[in-house]
Amino acid sequence: MPFYLRNALIALLITLAIIATVLYAVNFLNEQRVAELRAIEDQLATDTLSIETQYALLAEAPCEGLEEGTSFATELGGLGDRLAFAEERAGANDPEVLRLKERYTLLQIRDYLLTKRLAQTCGLKPVTALYFYSNVPGECEDCDRAGYALSYLRQTYPTLRVYSFDYHLDLAALKTLIAIEKIEKEFPAFVVQGKRVDGFTTLEDLEGSFPKGVLIPVATTTATSTRD
Amino acid sequence: MDLTILAYPFLFAAIYFEAFLLVTFLSQPARVARDRAVSTKTPTVAMIVPCYNEEKTVGGTVDSLLDLDYPADKLRIVLVDDGSTDTTGSVMDRYADNAQVTVIHQKNGGKHEALNAGIMASEGYEIVGCLDADSFVHSTALREMIATFDDPMVGATTAAMSVHNPKNMLEHMQNAEYILGIALRHILAAVNGIYVTPGPFSLYRRDLVARLGGFRHGHNTEDMEMALRIQRAGYKIDSAPRARVETATPRTVPSLVKQRIRWTTGFLRNMTQEYGDFVGNPKYGALGIIVLPLGFFAILGGILMFGVVIYQIVKEVVSKILVVSGVPFDYTLSTLVPSFGNGFEWFFIPVTLFTLLAIVAVVGSVLFIVVGKKISKTPADLGIGMLGYMLVYGLIAPLWLISSLADVATDTRRSWR
Chain Z
364 MPFYLRNALI
374 ALLITLAIIA
384 TVLYAVNFLN
394 EQRVAELRAI
404 EDQLATDTLS
414 IETQYALLAE
424 APCEGLEEGT
434 SFATELGGLG
444 DRLAFAEERA
454 GANDPEVLRL
464 KERYTLLQIR
474 DYLLTKRLAQ
484 TCGLKPVTAL
494 YFYSNVPGEC
504 EDCDRAGYAL
514 SYLRQTYPTL
524 RVYSFDYHLD
534 LAALKTLIAI
544 EKIEKEFPAF
554 VVQGKRVDGF
564 TTLEDLEGSF
574 PKGVLIPVAT
584 TTATSTRD
Chain U
27 MDLTILAYPF
37 LFAAIYFEAF
47 LLVTFLSQPA
57 RVARDRAVST
67 KTPTVAMIVP
77 CYNEEKTVGG
87 TVDSLLDLDY
97 PADKLRIVLV
107 DDGSTDTTGS
117 VMDRYADNAQ
127 VTVIHQKNGG
137 KHEALNAGIM
147 ASEGYEIVGC
157 LDADSFVHST
167 ALREMIATFD
177 DPMVGATTAA
187 MSVHNPKNML
197 EHMQNAEYIL
207 GIALRHILAA
217 VNGIYVTPGP
227 FSLYRRDLVA
237 RLGGFRHGHN
247 TEDMEMALRI
257 QRAGYKIDSA
267 PRARVETATP
277 RTVPSLVKQR
287 IRWTTGFLRN
297 MTQEYGDFVG
307 NPKYGALGII
317 VLPLGFFAIL
327 GGILMFGVVI
337 YQIVKEVVSK
347 ILVVSGVPFD
357 YTLSTLVPSF
367 GNGFEWFFIP
377 VTLFTLLAIV
387 AVVGSVLFIV
397 VGKKISKTPA
407 DLGIGMLGYM
417 LVYGLIAPLW
427 LISSLADVAT
437 DTRRSWR
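Protein sequences appear in the order of chains Z and U.
If you want the working numbering, it's the position in the first sequence, counting the first as 1, plus 363.
If you want the working numbering, it's the position in the second sequence, counting the first as 1, plus 26.
Simulated from the structure, these hints should not be mistaken for lab results.
Don't take every hint at face value.
Below, a list of computed lysine-lysine pairs in the DSS-like style, where the Cα atoms sit at most 30 Å apart [what the hints assert, rightly or not]:
hint, chain 1, residue 1, chain 2, residue 2
1, U, Lys-262, Z, Lys-548
2, Z, Lys-538, Z, Lys-548
3, U, Lys-262, U, Lys-100
4, Z, Lys-538, Z, Lys-488
5, U, Lys-341, Z, Lys-548
6, U, Lys-309, U, Lys-284
Please model the entire structure based on the sequences and the hints provided.
If you want it as structure tokens, here you go:
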């Protein structure tokens with residue numbers, strides 16, 4: 364075999380080895396991401412169960428110690444960001460991502476229901492927004508904008524609890540929620556404080572769909588100075 | 027639509043070529059070439075300096091030749107004024123009294139004609155060399171190169187070029203590129219894969235060049251055409267990685283683009299016309315099977331990768347602007363780099379197959395630039411040049427690649443200068 368052909372074959376093996384290593388590294392990182400998501404979800408599931416148990420234990424004095432409602436809406440939001448990133452990397456049809464998304468959706472529904480129960484029983488006034496989107500190409504041109512605006516609102520108003528749902532996710536509980544809230548196949552669709560809002564135009568319009576005074580901005584401190 | 031998938035074949039080709047270079051670099055023929063001692067033999071050499079309007083640099087070029095560590099009675103310097111319209115001719119005439127120097131004035135006929143005049147005037151010399159009139163050789167360069175002719179099948183040999191006194195960013199970038207070229211020629215010489223004997227400084231067996239009929243126009247790339255003819259004649263082209271020569275390079279983007287259009291159209295025309303039989307032909311070994319096909323692939327890849335990157339950037343920016351419109355800018359600013367918003371979060375590192383393979387390809391290029399610098403002992407500060415070469419070249423190279431393809435497709439011919 365000519366000298367250059369021998370080198371060419373060795374180079375081919377090296378190239379294939381490099382590509383295999385890179386593929387392994389990308390796959391490993393994606394698996395680590397999924398493992399982290401799973402860990403967060405497990406923690407959230409435990410938290411949900413804990414609160415439900417606490418709620419049951421305090422049947423006689425149900426609102427004692429629960430003045431602030433459930434505390435992991437923020438964590439749910441963080442998990443949502445991670446899940447969206449993992450979905451983008453691994454693909455929306457990846458079985459593991461789909462499974463995590465289903466669990467995440469269930470967690471959101473449980474948190475939403477629990478929040479509603481606490482509100483009714485304990486007189487709390489949580490601010491909630493359900494957001495239904497679609498990943499089917501061409502079905503929701505404004506969903507990216509709406510999702511981004513909601514992220515902004517969630518960060519600006521920490522008391523706001525945002526629950527995002529993929530309308531087409533094949534999950535019985537979600538279908539029931541969609542039926543209860545009477546969500547049509549027009550996206551994006553919102554349920555703001557129990558009231559349905561269809562479509563998204565601007566951030567101001569979305570903000571305006573909340574009852575006045577319910578959105579409380581994050582506490583800020585300002586430095587002042589005086590001049591003699 | 028995600029177009030990055032189109033880039034994968036080119037990334038694969040780039041990594042494959044780098045792996046091939048690495049294996050060949052570590053192989054015995056390349057190691058032997060690196061260890062080759064400076065020649066003690068002193069065959070007769072005629073150095074031809076073809077000139078057209080090089081009044082500012084030709085004096086320095088001739089002085090560097092006169093300073094070569096080589097017996098004066100074995101070294102002839104043939105200065106050919108190819109109808110210059112400036113004072114190049116009179117600068118040359120100042121050396122006419124030197125016993126080593128021959129000065130020829132002729133009507134402008136192009137570089138190949140000037141070289142042929144020099145070859146005609148060097149009857150009886152064993153080796154002829156070409157040194158551009160804006161290039162300056164180091165004193166040991168000739169002896170380094172002569173050593174390669176110990177192999178009777180070596181018909182030509184190339185030197186280790188770097189940029190003379192680089193000042194601006196463009197020159198530094200070209201310096202990094204030229205030093206990469208030193209490594210490439212050294213490695214490809216081990217598999218006889220060189221297809222250009224660059225004008226700044228190359229040596230040839232005179233009898234071979236004369237037998238082949240001298241230099242031709244070669245679509246404005248006479249150095250490539252001659253190298254291909256030498257390959258076709260069954261001779262080898264070697265490289266002397268320590269034979270240092272510095273050359274002036276374009277200082278502006280338009281002049282660089284013009285030069286590269288000449289090089290690229292020369293490559294395309296030679297490869298699709300007179301030397302079309304080389305591509306994919308096992309008769310020409312690594313040159314026919316690997317180097318030339320990948321040369322074509324690199325031109326297409328350079329254009330396509332540029333298109334893909336621009337498309338992706340524009341798509342991302344436009345969609346991002348649409349998404350963030352209406353939301354306060356300070357919030358958008360805080361979300362631009364999600365990985366660092368609340369401290370480093372590995373979760374959001376955008377590691378994809380594409381980015382990792384691109385990083386491997388870039389690291390490979392950096393490695394060979396470092397190899398080129400090390401084996402040639404070129405004292406260059408490569409930091410800024412490498413950075414520019416990696417980041418900027420990919421953006422301006424498509425200018426000459428696209429123009430070259432268009433010129434060849436429309437049979438547009440451009441002047442040398």
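Compare the distance between the alpha carbons of Lys-538 (chain Z) and Lys-548 (chain Z) with 30 Å, and conclude whether the hinted pair is satisfied.
This hinted pair holds, its Cα atoms lying about 12 Å apart.
Hinted pair, alpha-carbon criterion (30 Å max): Lys-341 (chain U), Lys-548 (chain Z). Please report holds or violated.
holds, 28 Å
Restraint status (C-alpha distance of Lys-538 (chain Z) to Lys-488 (chain Z) at most 30 Å)
holds, 26 Å
Does Lys-284 (chain U) sit within 30 Å of Lys-309 (chain U), going by the straight-line distance between their CA atoms?
violated, 34 Å
Pair hint Lys-262 (chain U) and Lys-548 (chain Z), alpha-carbon separation not exceeding 30 Å:
This hinted pair is violated, its Cα atoms lying about 72 Å apart.
Mind checking the alpha carbons of Lys-262 (chain U) and Lys-100 (chain U) for me, to see if they're no more than 30 Å apart?
holds, 24 Å
Hint compliance for this structure: hints 1 and 6 are not met, and every other hint is.
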